[in-house]
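K.L.:
The chain contents come next:
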Amino acid sequence: MRIAFKAGALAAVAALALTTAACSSPASTGDTDGASSDSGPVNLTYWAWAPNMDKVVDIWNKSHPDITVTVNKQDGGDAAVTKLLTAIKAGSGAPDLMQAEYQKIPTLVSAGALKDLSKLGAASTKSDFTAGAWNAVTLGSSAIYAVPQDTGPMMFYYRKDVFKKLGLKAPATWDDYAKAAEVIHKADPTQYLGTFSSGDPGWFAGLTQQAGASWWSISGQSWGVDIDSAASKKVASYWGGLVQKGVIDNDPMYTPAWNAALNDGKQVGWISAVWGPGVLAGNAGKTKGDWAAATLPQWTAGANANGNWGGSSTAVTAQSEHPQQAMQFIKWLNTDPTAVKALAQIANIYPADVHATDSALTTAPDFFSDQSDFYQVAAKASAAVQPFTYGPNVNVAYSAYTDAFAKAAQAKQQSQFLSALSSMQSTTTSDLKKSGFSVK
Amino acid sequence: MATIATTPVLPATTRTRRGHAERPSAFGTAILLLGVVYCLLPVVWVVMASTKNGSELFSTFTFAPSTHLLDNIVELTQYRGGLFWLWMLNTAIYAGVGALVSSLVSALSGYVLAKFDFPGKGVVFGILLMGVLVPSVILAIPQYFLLAQIGLTNTYWSVLLPQLISPYGIYLARIYAAAAIPTDVVEAARTEGAGELTTFFRIAIPMMAPGLVTIFLFQFVAIWNNFLLPYIMLGDDHLFPITVGLSGLLNQGATVPALYTLVITGALLSIVPLIILFLALQRFWRVDLAAGAVKA
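Protein chains in written order, with the numbering used here: chain A, 1 to 440; chain B, 1 to 296.
What the hints contain is simulated information worked out from the structure, not anything from laboratory work.
Treat the hints with care, since some could be wrong.
Unchecked claim - Reference excerpt, derived from the structure (chain B facing chain A, CB under 7 Å, subset only):
no., residue
1, Ser25
2, Gly28
3, Thr29
4, Ala30
5, Asn53
6, Gly151
7, Thr155
8, Gly235
9, Thr255
Unchecked claim - Listed next, with one range per pair, are the computed distances between beta-carbon atoms:
no., chain 1, residue 1, chain 2, residue 2, range
10, A, Ser369, B, Asn53, 42 to 48 Å
11, A, Lys407, B, Arg80, 45 to 51 Å
12, B, Leu228, A, Val439, 30 to 36 Å
13, A, Gly140, B, Leu146, 45 to 51 Å
No residue lacks a Cβ here, since even glycine has one placed at the ideal position from N, Cα and C.
Hey, can you work out the whole structure from these sequences and the hints?
P.N.:
Written out as structure tokens, the structure reads:
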């Protein structure tokens, strides 16, 4: 298995297609069997972690008695991918369908875990998605490894009552954000406009994406790693500066302390993404009605650039015996107006389908019920997302981020933020080489 | 040692006299009290925290109780159609059935190893002792690969089967059988015409009973606490035991808030059966640990 993996990995992108081609040879025999099994009812299993996905799938099951989909709820993206990779190596135990985060697709493809959907008619869904989302599921090749399900354009949430009291406006640029952070912390030393979270690499990746970074690149047969690019350095040194000055907090997000700080008004802003309202409602229920949503501050005044944090796609695994039926379901789930509406309103995700804003996302989320233009802001944020390429060892880069930036944030030294970035770069590059990928 | 083993059955009068004779040392009591606080403080925290609702949890004083215990239990019960109680039931099945069968297997193997002579016995026992040294955690992934080959992953069997054989249980059973079952009795049974299985079930098992309770409890607690094996084996959360289920509620990913109140209430409810089990079987546990210490 290890040898097969390495051999596939060696030739990088071209090989990605080859690995899947090799893995899809049983699939094509499956297709011919598929003709006979088309007549009988088919059962598909679907690993997903979005809340209430089973209820969305129930709508499909009611209208499609021949293709029954069973949702097995998973514990978030990382755990599900680990399990899937184990099942792929073991040769059985994988589901038919998989909710796959965009940043995990290259990893799954290089492990031969996904079927190429381009021969199953996935191309017909292309017009439903933004170019960025489509690029994330094709990796820029002619294969289609998944169909976009939801995206996480980044957004800025802030306590409008606190801003009003201090005479501040929603920051249009990062300079404004830094000034606002200083004013807020001076007015009340227990309050912070935000925190630099060393526990959320996806968040930092999104911020560098907005600044124009793309951590990986594919050219011909080899991968490039560009984590310490000028754009990333700009972002790291900006946050390092704020932390060193002490005007923003340096503890990670999603800790009990952070939850409490949101709820008691000690954290008065949050750089997050379109799914933020759900988290705020759960963690800071007491502050409902005090928040406003805006697009991210910009690096150049008047520009409109954004990054992504989160978002996932639906893929068919290499072990599925019914790829055609699975594809039918995927197409329905992510592009049918009824399904997209259910994704938005029942599963509470921000559908990747660009038509969703008109039909499904008409009323603001409950936590922002007094901000009627919430989804217009979100649509603007979504349209501005910059291109970004993930590599096959995102997990390594992400854990390098957690290690290096935790130390930098604790030390409160701007210079250490920059050295953390270069340590991520070298760790990620050497891991790629060690795994047998060609690295330019 | 013998005195210690018999202390619990000393008449009450003897104990009172001893109490008068040995005055409790203040220092010893202080150390013990410290130990009590160390052990009970987290439990008190869980009890207090489970009475708070989401917004009180991190904002009110840690050890101040609130009034939302019932609401929390109702909310937990309603979570995805009572999934929590299914997890409790699953845990009871995994731990109960697993520990019962495992005790039986251990008794049978331990009895055979202690009372029979056959070629290769030393080798078998040696391999078994090596098995005691291998932590079950590192076997989880190989076990997944094996069970995947026969298509049993993501089923009840995938969690039950690997935990039926416990090298430590067999080892204990062998020690206990050697000490508690006189060979004369086994031979007498054979002379009277009892078959080997009859001898085992009618003569050996009753004599080994206290030791088997220990093995049962060990294995029950081990399966109850096991996280990695079910975590790797199971994809469908309707098959999860309580450990994996609760951990999932905390790791919902960045886009969903962690369900702290549900997890804390769930943790509180999940220790109740263990407490009951320990109170019920405590007697056997204590007697046997002391006896084992003497005879091993």
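K.L.:
Which numbered hints does this structure break?
P.N.:
1, 2, 3, 4, 5, 7, 10, 11, 13
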